[in-house]
Amino acid sequence: MKAYETVQKARDIHRLSTIEMINALCTGFVELHGDRAMKDEKSIVGGVGLINKTDPITIIGIQKGRNTEENIRRNFGSSGPAGYRKAIRLMKQAEKFNRPVLTLINTAGANATPESEEYGIGEAIATALTTMSELTVPTLAIILGEGGSGGAIALALSDEVWMLENSIYSILSPEGFASILWKDSRLASDAAEMMKLTASELLELDVIDRVIPEAEMSNEELAAYLVPEIVTALANLKTVDANTRLAKRYDRFRKY
5 MKAYETVQKA RDIHRLSTIE MINALCTGFV ELHGDRAMKD EKSIVGGVGL
55 INKTDPITII GIQKGRNTEE NIRRNFGSSG PAGYRKAIRL MKQAEKFNRP
105 VLTLINTAGA NATPESEEYG IGEAIATALT TMSELTVPTL AIILGEGGSG
155 GAIALALSDE VWMLENSIYS ILSPEGFASI LWKDSRLASD AAEMMKLTAS
205 ELLELDVIDR VIPEAEMSNE ELAAYLVPEI VTALANLKTV DANTRLAKRY
255 DRFRKY
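5 is the number of the first residue of the sequence shown in this note's numbering; add one for each residue after it.
Hints should not be assumed to be uniformly reliable.
[Claimed, not checked] When the alpha-carbon atoms are kept at most 20 Å apart in a straight line, the in silico EDC-like pairs for lysine to aspartate or glutamate are as follows:
id, residue 1, residue 2
1, Lys-96, Glu-169
2, Lys-6, Glu-220
3, Lys-13, Glu-24
4, Lys-242, Glu-164
5, Lys-252, Glu-164
6, Lys-252, Glu-208
7, Lys-57, Glu-233
8, Lys-259, Glu-138
9, Lys-259, Glu-164
10, Lys-200, Glu-9
11, Lys-46, Glu-119
12, Lys-46, Glu-73
13, Lys-100, Asp-59
14, Lys-242, Glu-138
15, Lys-13, Glu-169
16, Lys-200, Asp-213
17, Lys-6, Glu-208
18, Lys-43, Glu-121
19, Lys-100, Glu-35
20, Lys-259, Glu-208
21, Lys-13, Glu-179
22, Lys-46, Glu-74
23, Lys-6, Glu-218
24, Lys-46, Glu-122
25, Lys-96, Glu-35
26, Lys-6, Asp-194
27, Lys-259, Asp-213
28, Lys-242, Glu-99
29, Lys-6, Glu-205
30, Lys-6, Glu-169
31, Lys-252, Glu-138
32, Lys-57, Glu-35
33, Lys-13, Asp-194
34, Lys-96, Asp-59
[What the hints assert, rightly or not] Using C-beta positions, here's what the derived DEER-type ranges look like:
id, residue 1, residue 2, range
35, Gln-97, Trp-186, 43 to 53 Å
36, Lys-187, Thr-140, 39 to 49 Å
37, Ala-228, Tyr-254, 32 to 42 Å
38, Glu-225, Leu-54, 20 to 30 Å
Derived by calculation from the structure, the hints in this document are not laboratory data. Keep in mind it's a predicted model, so treat the numbers as computed, not measured. Glycine included, C-beta positions come from ideal geometry on N, C-alpha and C.
Produce the entire structure from the sequences given, and follow the hints as far as they go.
Pasting the structure below:
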């Protein structure tokens with residue numbers, strides 16, 4: 005499959021979503037709202053739930069819409085500073101109560117409007133990165149669809165990073181890359197081949213830890229497959245000394 009075909013699959017609005025994954029993984033999920041400073045950013049969903057009805061977990065994920073109305077409400081999965089500050093608040097809460105953190109990512113990138121810049125999107129992303137790098141609880145990030153630019157990496161500085169087979173992870177979109185390099189966004193397909201943004205390529209480069217096969221599974225089947233994999237991964241990470249995990253996390257991201 006050509007890289008740009010994977011890009012198109014990653015952008016499919018019917019892909020497995022954060023809310024579907026939360027519903028499959030948790031019982032009693034309580035969504036928490038607001039950044040305690042500005043507003044509640046609807047593009048980022050976060051809260052606390054129970055795995056196996058007993059083990060608490062904090063989940064923070066980016067949610068796109070499945071229709072025009074929902075996409076407008078979710079800002080097409082592109083969060084402004086309030087969303088990342090909400091994520092930071094939930095990460096700190098997870099650290100306080102010793103809960104593992106799962107992040108679910110599907111965004112073309114953070115909201116780059118003048119208003120977003122005015123209210124500090126760069127600072128919010130930087131603080132999210134700093135906060136996540138310092139968490140002593142186990143952390144796992146899964147890229148469900150698009151993993152675009154700082155909007156994605158802000159939630160992906162974790163002990164392990166997984167990607168679904170037909171997801172992408174890159175510093176910017178192929179269209180943006182082509183516009184900068186060749187002044188022609190129509191060359192996005194050529195750009196995608198150069199960017200090494202597919203899951204298999206990033207696994208080979210050691211940027212991620214695992215590729216999750218999608219095959220012909222429905223969203224329900226894929227979520228059901230992921231649940232025991234997530235539970236096992238977090239349990240294994242919990243057995244590793246926190247200082248060791250912090251050191252490994254530091255080393256893996258410094259080599260980029």
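Here's how the hints hold up against the structure:
1. For the hint linking Lys-96 to Glu-169, the alpha-carbon distance of about 31 Å lies beyond 20 Å, and the restraint is violated.
2. At most 20 Å may separate the alpha-carbon atoms for a hinted pair to count; Lys-6 and Glu-220 meet this at roughly 18 Å.
3. Pair hint Lys-13 plus Glu-24 holds up; C-alpha atoms about 18 Å apart against a cutoff of 20 Å.
4. As the CA atoms of Lys-242 and Glu-164 are separated by approximately 12 Å, the hinted pair is consistent with the 20 Å bound.
5. A hinted pair counts as satisfied when its Cα atoms are at most 20 Å apart, and Lys-252 with Glu-164 qualifies at roughly 10 Å.
6. At most 20 Å may separate the alpha-carbon atoms for a hinted pair to count; Lys-252 and Glu-208 meet this at roughly 19 Å.
7. With a CA separation close to 17 Å, the supplied pair Lys-57 and Glu-233 stays within the 20 Å bound.
8. Of the supplied pair hints, the one linking Lys-259 and Glu-138 holds, its CA atoms being roughly 17 Å apart against a limit of 20 Å.
9. A C-alpha spacing of about 15 Å is found between Lys-259 and Glu-164, which places the hinted pair at or below 20 Å, so the restraint holds.
10. In summary, the hint linking Lys-200 to Glu-9 is supported, as the alpha carbons are separated by about 13 Å, within the 20 Å threshold.
11. At roughly 16 Å between alpha-carbon atoms, Lys-46 and Glu-119 fall within 20 Å of each other, so this suggested pair holds.
12. Simply put, Lys-46 and Glu-73 have alpha-carbon atoms about 13 Å apart, close enough for the 20 Å limit, and the pair holds.
13. This hinted pair checks out: Lys-100 and Asp-59 have alpha carbons roughly 15 Å apart, not beyond 20 Å.
14. Between Lys-242 and Glu-138, the direct Cα distance comes to roughly 16 Å. Compliance with the 20 Å bound is thereby established for this hinted pair.
15. Under the criterion of a C-alpha separation no larger than 20 Å, the hint pairing Lys-13 with Glu-169 is consistent with the structure, at around 10 Å.
16. Proximity of Lys-200 to Asp-213 is assessed by CA-CA distance (about 15 Å); at most 20 Å being required, the pair is judged to hold.
17. Straight-line distance between C-alpha atoms of Lys-6 and Glu-208 comes to about 17 Å, which keeps the hinted pair within the 20 Å bound.
18. For the given pair, Lys-43 sits about 15 Å from Glu-121 by alpha-carbon distance, which is consistent with the 20 Å threshold.
19. About 18 Å separates the Cα atoms of Lys-100 and Glu-35, which keeps this hinted pair within 20 Å; it holds.
20. Between Lys-259 and Glu-208, the direct Cα distance comes to roughly 15 Å. Compliance with the 20 Å bound is thereby established for this hinted pair.
21. Between the alpha carbons of Lys-13 and Glu-179 the distance comes to roughly 15 Å, so the proposed pair stays at or under 20 Å and holds.
22. A distance of roughly 10 Å separates the Cα atoms of Lys-46 and Glu-74; the hinted pair therefore holds under the 20 Å criterion.
23. Pair hint Lys-6 plus Glu-218 holds up; C-alpha atoms about 17 Å apart against a cutoff of 20 Å.
24. With a C-alpha separation of about 19 Å, the suggested pairing of Lys-46 with Glu-122 holds against the 20 Å cut-off.
25. Among the hinted pairs, Lys-96 with Glu-35 is consistent with the structure: their alpha-carbon atoms are about 16 Å apart, no more than 20 Å.
26. Between Lys-6 and Asp-194, the direct Cα distance comes to roughly 10 Å. Compliance with the 20 Å bound is thereby established for this hinted pair.
27. For the suggested pair Lys-259 and Asp-213, the alpha carbons sit about 14 Å apart, so the restraint of at most 20 Å is met.
28. Of the supplied pair hints, the one linking Lys-242 and Glu-99 holds, its CA atoms being roughly 13 Å apart against a limit of 20 Å.
29. The suggested pairing of Lys-6 with Glu-205 holds, with an alpha-carbon distance near 12 Å, which does not exceed 20 Å.
30. At roughly 13 Å between alpha-carbon atoms, Lys-6 and Glu-169 fall within 20 Å of each other, so this suggested pair holds.
31. Note on Lys-252 and Glu-138: the hinted pairing holds, with a Cα-Cα distance of about 12 Å set against a maximum of 20 Å.
32. Between the alpha carbons of Lys-57 and Glu-35 the distance comes to roughly 16 Å, so the proposed pair stays at or under 20 Å and holds.
33. Proximity of Lys-13 to Asp-194 is assessed by CA-CA distance (about 17 Å); at most 20 Å being required, the pair is judged to hold.
34. Proposed proximity of Lys-96 and Asp-59 is supported: the alpha carbons are some 18 Å apart, at most 20 Å.
35. The hint said 43 to 53 Å for the Cβ distance between Gln-97 and Trp-186, and at roughly 45 Å that hint holds.
36. Taking 39 to 49 Å as the suggested C-beta distance range, the pair Lys-187 and Thr-140 conforms, at roughly 46 Å.
37. A C-beta distance of roughly 34 Å is found between Ala-228 and Tyr-254, which places it inside the suggested range of 32 to 42 Å.
38. The hint said 20 to 30 Å for the Cβ distance between Glu-225 and Leu-54, and at roughly 23 Å that hint holds.
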